[in-house]
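Student: One letter stands for each residue in the lines below.
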Amino acid sequence: MLDVGRHPNIKLLAYSELERLEGDAGNFTATIRRKARYVDEDKCTGCGACAQVCPTPVLDLYNEGHAERKAIYSWFAQGIPSTHAIDPDHCRVLNGKKCGICQKKCEAGAIDFDQTDVIIDLPVAAVVVATGYDVFDPSRMPEYRYNQLDNVITAMEFERFLSASGPTAGHIYRPSDRKVTATIAELEKKVKKSQKALDRFEKTHGKKSDEFYAAYTDGSLKPGEDLEKDQDKWAKRVEAHLENANPLAVLKEKAKGFTTAKKIAFIQCVGSRDLRFYPFCSGYCCMHSIKEAIIAHEHDNDTHTVIFGMDIRAVGKGFEEYKIRGGNNSNISYKRSRVAEITRNPDECPVLIYEDTREQKIQRQAFDLVVLATACGPVKGAQKIADTLGIDLDRFGFFKTDPSNPLDTSRDGIYVCGCAHSPMDIPESVAQASSAAARAAQTVIKKNDQKAS
Amino acid sequence: MNTHTLTPYEAPRIGVFVCDCGSNIAGHLDCPDVAEYAKTLPHVVYVKENLYTCSEAGIGEIKKAITEQNLTRVVVASCSPRTHQPLFSSSCAEVGLNPYLFEMVNIRDQCSWVHMGTRDAATQKAKELICMGVAKSAGLEALNEIESSLIRKILVIGGGIAGLSAAQALGDMGLDVILVEKTASLGGLLQQVHQLDSGVMAKEALSQIIDDVRSQSNITCYTSATVTETGGYIGNYDVKIETQTGLVEEQVGCMVVATGAVPLIPEGILGYDGRQVISLMQLEQLLQRDKLDAKRVVFIQCAGARTPEREYCSRICCMIGVKNAMLIKDKYPLTDVRVLYRDMQMYGTHKEQMLWDARGKGIRFDVYTPDNPPEVENGKVTFFQAVTGKTQELDADLVVLSTPLVPRNDSGKLANMLRVPTDQNGFFLEAHAKLRPLDFAADGIFVCGSGRYPATSTEARTQGIGVASRVAAILFKEKLVKSAIVAQINPDACVGCMACLPMCPYEAITYNRDKRICEVNEVLCKGCGNCAATCPSHSAMLRGFKPQQLLAQIGAA
Amino acid sequence: MTKDILVLGGGIAGIQSSLDLAEMGFKVHLVESLPSIGGKMAQLDKTFPTNDCAI
Ligand SMILES: Cc1cc2nc3c(=O)[nH]c(=O)nc-3n(C[C@H](O)[C@H](O)[C@H](O)COP(=O)(O)OP(=O)(O)OC[C@H]3O[C@@H](n4cnc5c(N)ncnc54)[C@H](O)[C@@H]3O)c2cc1C
Ligand SMILES: Cc1cc2nc3c(=O)[nH]c(=O)nc-3n(C[C@H](O)[C@H](O)[C@H](O)COP(=O)(O)OP(=O)(O)OC[C@H]3O[C@@H](n4cnc5c(N)ncnc54)[C@H](O)[C@@H]3O)c2cc1C
Ligand code: SF4
Ligand code: SF4
Ligand code: SF4
Ligand code: SF4
Ligand code: SF4
Chain Z
1 MLDVGRHPNI KLLAYSELER LEGDAGNFTA TIRRKARYVD EDKCTGCGAC AQVCPTPVLD
61 LYNEGHAERK AIYSWFAQGI PSTHAIDPDH CRVLNGKKCG ICQKKCEAGA IDFDQTDVII
121 DLPVAAVVVA TGYDVFDPSR MPEYRYNQLD NVITAMEFER FLSASGPTAG HIYRPSDRKV
181 TATIAELEKK VKKSQKALDR FEKTHGKKSD EFYAAYTDGS LKPGEDLEKD QDKWAKRVEA
241 HLENANPLAV LKEKAKGFTT AKKIAFIQCV GSRDLRFYPF CSGYCCMHSI KEAIIAHEHD
301 NDTHTVIFGM DIRAVGKGFE EYKIRGGNNS NISYKRSRVA EITRNPDECP VLIYEDTREQ
361 KIQRQAFDLV VLATACGPVK GAQKIADTLG IDLDRFGFFK TDPSNPLDTS RDGIYVCGCA
421 HSPMDIPESV AQASSAAARA AQTVIKKNDQ KAS
Chain R
1 MNTHTLTPYE APRIGVFVCD CGSNIAGHLD CPDVAEYAKT LPHVVYVKEN LYTCSEAGIG
61 EIKKAITEQN LTRVVVASCS PRTHQPLFSS SCAEVGLNPY LFEMVNIRDQ CSWVHMGTRD
121 AATQKAKELI CMGVAKSAGL EALNEIESSL IRKILVIGGG IAGLSAAQAL GDMGLDVILV
181 EKTASLGGLL QQVHQLDSGV MAKEALSQII DDVRSQSNIT CYTSATVTET GGYIGNYDVK
241 IETQTGLVEE QVGCMVVATG AVPLIPEGIL GYDGRQVISL MQLEQLLQRD KLDAKRVVFI
301 QCAGARTPER EYCSRICCMI GVKNAMLIKD KYPLTDVRVL YRDMQMYGTH KEQMLWDARG
361 KGIRFDVYTP DNPPEVENGK VTFFQAVTGK TQELDADLVV LSTPLVPRND SGKLANMLRV
421 PTDQNGFFLE AHAKLRPLDF AADGIFVCGS GRYPATSTEA RTQGIGVASR VAAILFKEKL
481 VKSAIVAQIN PDACVGCMAC LPMCPYEAIT YNRDKRICEV NEVLCKGCGN CAATCPSHSA
541 MLRGFKPQQL LAQIGAA
Chain A
1 MTKDILVLGG GIAGIQSSLD LAEMGFKVHL VESLPSIGGK MAQLDKTFPT NDCAI
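Sequence lines, in order, name chains Z, R and A. Counting with the numbering used here, you get residues 1 to 453 for the letters of the first sequence. Counting with the numbering used here, you get residues 1 to 557 for the letters of the second sequence. Counting with the numbering used here, you get residues 1 to 55 for the letters of the third sequence.
Fair warning: there could be bad hints in the mix.
Stated by the list, open to error - In silico DSS-like pairs for lysine-lysine, Cα to Cα no more than 27 Å straight-line:
(1) Z:K11 <-> R:K361
(2) R:K64 <-> Z:K446
(3) Z:K43 <-> R:K477
(4) R:K477 <-> A:K27
(5) R:K482 <-> Z:K11
(6) Z:K43 <-> R:K63
(7) R:K48 <-> Z:K105
(8) Z:K400 <-> A:K46
(9) R:K153 <-> A:K3
(10) R:K48 <-> Z:K446
(11) A:K27 <-> Z:K11
(12) Z:K11 <-> R:K477
(13) Z:K262 <-> A:K46
(14) Z:K400 <-> R:K361
(15) Z:K400 <-> R:K203
(16) R:K63 <-> Z:K105
(17) R:K479 <-> A:K27
(18) A:K46 <-> Z:K380
(19) A:K3 <-> R:K477
(20) Z:K11 <-> Z:K451
(21) R:K64 <-> Z:K105
(22) Z:K35 <-> A:K3
(23) A:K3 <-> R:K479
(24) Z:K361 <-> R:K390
(25) A:K27 <-> Z:K451
(26) Z:K446 <-> A:K3
(27) A:K27 <-> Z:K35
(28) Z:K11 <-> A:K3
(29) Z:K207 <-> Z:K189
(30) Z:K384 <-> A:K46
(31) Z:K451 <-> R:K153
(32) Z:K43 <-> R:K48
(33) Z:K335 <-> A:K46
In short, the hints are calculated from the structure, not lab data.
Using the sequences and the hints, build the whole thing.
Tutor: This is how it looks when you write it as structure tokens:
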């Protein structure tokens with residue numbers, strides 16, 4: 001990936017969008033909007049000092065919302081380019097408030113709140129469309145209660161949990177447990193603060209707060225001069241303290257039982273092969289569920305997973321073997337079934353309700369965590385991209401091609417590859433990317449030859 | 001380019017960069033401590049710990065230090081040289097430090113990963129590895145990359161849709177192509193196919209491409225021809241082709257393997273007899289000749305596939321089964337068509353749509369499991385139907401066995417001649433299953449189509465066109481430039497024992513009869529070091545890994 | 001007449017296209033809407049079928 005950033009023939013225009021495309025194959029003019037980063041690309045070294053000091057937390061979408069980043073950020077740690085950007089929706093200065101802390105911190109002097117979008121025109125001979133896909137939003141399927149159940153997550157969220165640099169540093173903690181842990185941390189902060197206030201009283205009066213409070217409430221307090229004056233205040237403080245300390249104790253007790261998720265279910269075809277949503281198959285999700293199950297098992301050998309699907313589509317080179325190996329070595333079982341509904345038991349465990357086709361009965365089974373293999377849909381804004389480029393979409397919403405010319409869109413000189421073409425895995429995307437490159441190169445060579453002759 | 005060659009009188013100035021790799025390394029060993037330690041090593045004048053050394057910022061730090069600190073050696077302690085060495089050494093080159101004066105130490109795979117949970121041990125091992133790396137780096141020599149010429153002509157072996165597409169695309173890019181097809185006609189397997197899933201007749205789709213290929217003046221097609229010998233190396237292959245009119249000798253810069261695969265003939269499987277129980281390919285021919293006469297047709301998928309002896313899924317036979325089931329239903333609507341399957345592999349948009357359409361036309365699909373496979377006997381198919389829990393019996397006038405594509409039985413021979421590997425199933429093995437699907441590990445040789453793995457004609461065509469891009473990335477360059485880390489055989493010391501010769505996996509060593517010594521072809525050599533490890537007279541050695549350099553490294557341990 | 005090529009989208013597909021074209025000697029403009037390239041693959045922990053790290 002870094003090769004791209006360094007290749008002398010590649011000009012990287014990140015944080016940019018295509019606004020317009022005019023002309024014809026061999027002779028297009030592309031108008032690009034380079035969005036304001038509010039950070040000078042030539043000066044920023046990507047050191048990240050600014051993000052450390054920025055006081056404004058923002059939900060981190062790279063981590064699928066399971067972590068926070070700052071208003072000044074890089075999309076991910078090894079990102080190319082490493083130039084930081086300021087999120088104009090959240091930065092205080094850009095929303096008319098006082099701050100500028102990052103600017104003071106930046107030794108490179110890279111931060112520039114006056115930066116504006118820049119529009120550039122590029123003459124290009126051909127275009128390769130590789131705008132990829134977006135995953136299906138499972139909250140559109142009410143029966144899986146994605147929004148209500150913390151421990152029902154998408155495969156992409158699970159990828160982030162598996163990652164050593166992800167929000168859980170690679171440990172599969174359940175989101176409901178993480179919520180509790182986060183609440184504990186919050187309460188602990190408050191309790192620490194209120195304890196400090198109590199400490200002062202305790203020191204002055206040489207008495208423990210709980211002793212004092214017990215006496216205060218049952219009226220056995222023998223007031224001395226000073227205490228007389230302070231007792232109501234102190235009691236109020238104690239009450240305020242307990243308001244947090246009591247639930248904290250309860251939560252801490254609960255958290256003692258937390259372990260990583262050991263029983264995991266994968267539900268296939270979420271939003272795909274479903275006439276309500278996408279009728280098509282996403283091609284890669286059977287495989288990524290198997291992969292995620294294998295990795296989860298690598299992290300913790302006690303992990304058991306069940307993959308619920310109609311078919312297990314393992315059609316690439318070595319995939320069937322990968323699937324069998326997963327079943328044999330990684331405690332994965334494959335169950336042919338479409339899960340009808342997910343509910344919950346008191347332990348926050350999602351409960352799957354499904355028909356077991358083998359046993360022919362309705363089953364209910366509880367898991368620690370459920371992972372939804374959400375469909376690969378057309379990229380958000382596909383219609384707009386199609387309009388800008390003047391190309392057609394197919395009936396499924398991907399950029400249209402013809403099976404006998406599989407890289408060519410409906411407009412001469414514009415080619416498509418990867419998941420912008422249709423759902424496919426990385427090996428297929430890479431092979432297709434080379435093909436689209438060849439088609440683009442042919443156009444350039446042919447058009448230049450025509451011109452020359 | 002080399003501005004820093006060490007003279008015996010000049011002490012090296014070594015810079016050491018210790019990478020945290022986020023928490024991948026720093027989480028398991030004490031990076032600041034390791035960095036402190038590195039400062040104490042001989043000739044080390046600069047040490048820096050980076051969060052991610054491979055990030056742009058990290059690379060920037062290295063470059064800055066080389067210029068500002070006037071470093072003459074750089075050591076990075078991070079991850080695997082396999083993935084990151086090229087990046088770091090070329091970054092050094094960008095600021096004028098000879099890339100061969102760069103040394104890498106792997107403290108991720110060799111320390112933090114293997115010693116997870118034992119922080120002190122991991123830290124200690126990292127220190128030792130760095131100490132060794134620094135010692136070796138002090139003795140490194142500046143080397144220059146090897147350059148060689150390129151012949152802008154390509155040999156494509158196999159004239160199916162993949163080979164044709166590759167030839168067409170390469171021709172369109174202005175390169176010369178020699179297309180060699182073993183049989184008398186171009187087109188491969190598709191010539192026997194009736195109608196494609198796209199609705200186009202296979203013959204028509206083929207003839208369009210064949211006409212175009214034949215009309216291009218820079219493409220030479222040899223049919224009824226085979227490649228009998230290949231030699232040389234990337235940019236300069238010598239090939240011999242036996243054609244109808246005699247032996248042709250050619251020189252080419254790259255070679256493309258597009259020899260396809262063949263459908264399994266299901267002898268001995270599920271009652272195959274070639275009449276009532278036939279293969280998918282035979283069905284294509286019945287349809288082509290309009291000779292189908294059956295009221296009840298049963299397709300059985302995975303016939304001879306996904307079994308213990310042939311584990312892989314052939315990817316395309318589900319689609320072909322469904323395509324033909326629909327063609328039958330369209331043409332003879334009263335025919336009862338059923339499909340018995342294990343998993344319907346209708347991946348992607350278009351194929352899954354075919355499955356919806358097939359169900360809509362009244363074709364019935366039933367699952368069977370491999371532990372309870374169907375049986376075919378006397379016009380009856382019996383199978384265990386999981387949804388009802390009953391064993392069902394179907395009358396069938398015609399049973400169609402969907403058999404997988406299997407490697408050609410002569411593909412091993414071709415692989416040997418080209419010195420490229422095949423996988424456990426006998427398909428050609430690409431360089432990297434995910435990131436280099438069309439390359440062989442040997443430079444200059446590429447693969448596409450069903451010879452790599454079963455592919456639909458659209459996929460085979462895509463891969464064929466893709467190969468053109470991979471080839472052009474080499475042949476559009478002025479000349480070939482490759483790593484200087486190659487073996488050297490000292491002509492004065494070599495005793496000509498030829499011990500090294502069979503050790504070289506790239507066949508880079510030849511025996512010079514006149515001089516009675518072994519010689520290394522620098523372009524073929526990949527720097528694996530096998531020869532150096534074998535040579536009894538120590539005359540074979542690897543540049544950048546010479547004994548004195550390695551001894552320094554080991555001495556430091 | 002120009003020989004430059006525009007690649008829209010910096011996921012693995014756009015990256016591979018750009019690298020191939022650049023190696024062929026064409027000048028490539030790679031436009032990515034997010035602040036960094038990498039696409040979905042950059043979010044993945046390890047990837048099938050080789051299970052090595054995504055980036
Ligand atoms: C029954 C059936 C139906 C099908 N229907 C469809 C369909 O509807 N749609 C679809 O998309 N795909 C279909 N396919 C798949 C299609 O046939 C393949 O995708 C296509 O043939 C693959 O092309 P290829 O060039 O890789 O290999 P092939 O077509 O196998 O071509 C390889 C060529 O290389 C030649 N060759 C082999 N060895 C050598 C050698 N050593 N030297 C020189 N030449 C050599 C062979 O003679 C052959 O001409 C079908 C396949 C089958 C079996
Ligand atoms: C959970 C999960 C796990 C997976 N695991 C694997 C695996 O292990 N192995 C495997 O082979 N495959 C896996 N895949 C599939 C893999 O993600 C895709 O095959 C691959 O990412 C496709 O790459 P792409 O470049 O086509 O698309 P993308 O990765 O989506 O890249 C498209 C790029 O274009 C940019 N873009 C979008 N719109 C615009 C615009 N208008 N202008 C400019 N830029 C734009 C996007 O920001 C993005 O950077 C997985 C998928 C998921 C969801
Ligand atoms: S903006 Fe400044 S502080 Fe922030 S990463 Fe860039 S150089 Fe560092
Ligand atoms: S100015 Fe904006 S980006 Fe900078 S520190 Fe303040 S909130 Fe963060
Ligand atoms: S790949 Fe598997 S999970 Fe994904 S849509 Fe297809 S069948 Fe469903
Ligand atoms: S494609 Fe279908 S019939 Fe062919 S091996 Fe795979 S599952 Fe079996
Ligand atoms: S180093 Fe390896 S590839 Fe090079 S000649 Fe020696 S054995 Fe052959």
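Student: All hints are to be evaluated individually against the structure, with a verdict given for each.
Tutor: Here's how the hints hold up against the structure:
no. : hint              : verdict
1   : Z:K11 <-> R:K361  : violated, 52 Å
2   : R:K64 <-> Z:K446  : violated, 43 Å
3   : Z:K43 <-> R:K477  : violated, 34 Å
4   : R:K477 <-> A:K27  : holds, 14 Å
5   : R:K482 <-> Z:K11  : holds, 25 Å
6   : Z:K43 <-> R:K63   : holds, 15 Å
7   : R:K48 <-> Z:K105  : holds, 21 Å
8   : Z:K400 <-> A:K46  : violated, 31 Å
9   : R:K153 <-> A:K3   : holds, 23 Å
10  : R:K48 <-> Z:K446  : violated, 51 Å
11  : A:K27 <-> Z:K11   : holds, 8 Å
12  : Z:K11 <-> R:K477  : holds, 20 Å
13  : Z:K262 <-> A:K46  : holds, 20 Å
14  : Z:K400 <-> R:K361 : holds, 26 Å
15  : Z:K400 <-> R:K203 : holds, 24 Å
16  : R:K63 <-> Z:K105  : holds, 24 Å
17  : R:K479 <-> A:K27  : holds, 19 Å
18  : A:K46 <-> Z:K380  : holds, 25 Å
19  : A:K3 <-> R:K477   : holds, 16 Å
20  : Z:K11 <-> Z:K451  : holds, 26 Å
21  : R:K64 <-> Z:K105  : holds, 21 Å
22  : Z:K35 <-> A:K3    : holds, 26 Å
23  : A:K3 <-> R:K479   : holds, 21 Å
24  : Z:K361 <-> R:K390 : holds, 15 Å
25  : A:K27 <-> Z:K451  : holds, 19 Å
26  : Z:K446 <-> A:K3   : holds, 11 Å
27  : A:K27 <-> Z:K35   : holds, 22 Å
28  : Z:K11 <-> A:K3    : holds, 14 Å
29  : Z:K207 <-> Z:K189 : holds, 24 Å
30  : Z:K384 <-> A:K46  : violated, 32 Å
31  : Z:K451 <-> R:K153 : holds, 25 Å
32  : Z:K43 <-> R:K48   : holds, 21 Å
33  : Z:K335 <-> A:K46  : holds, 24 Å
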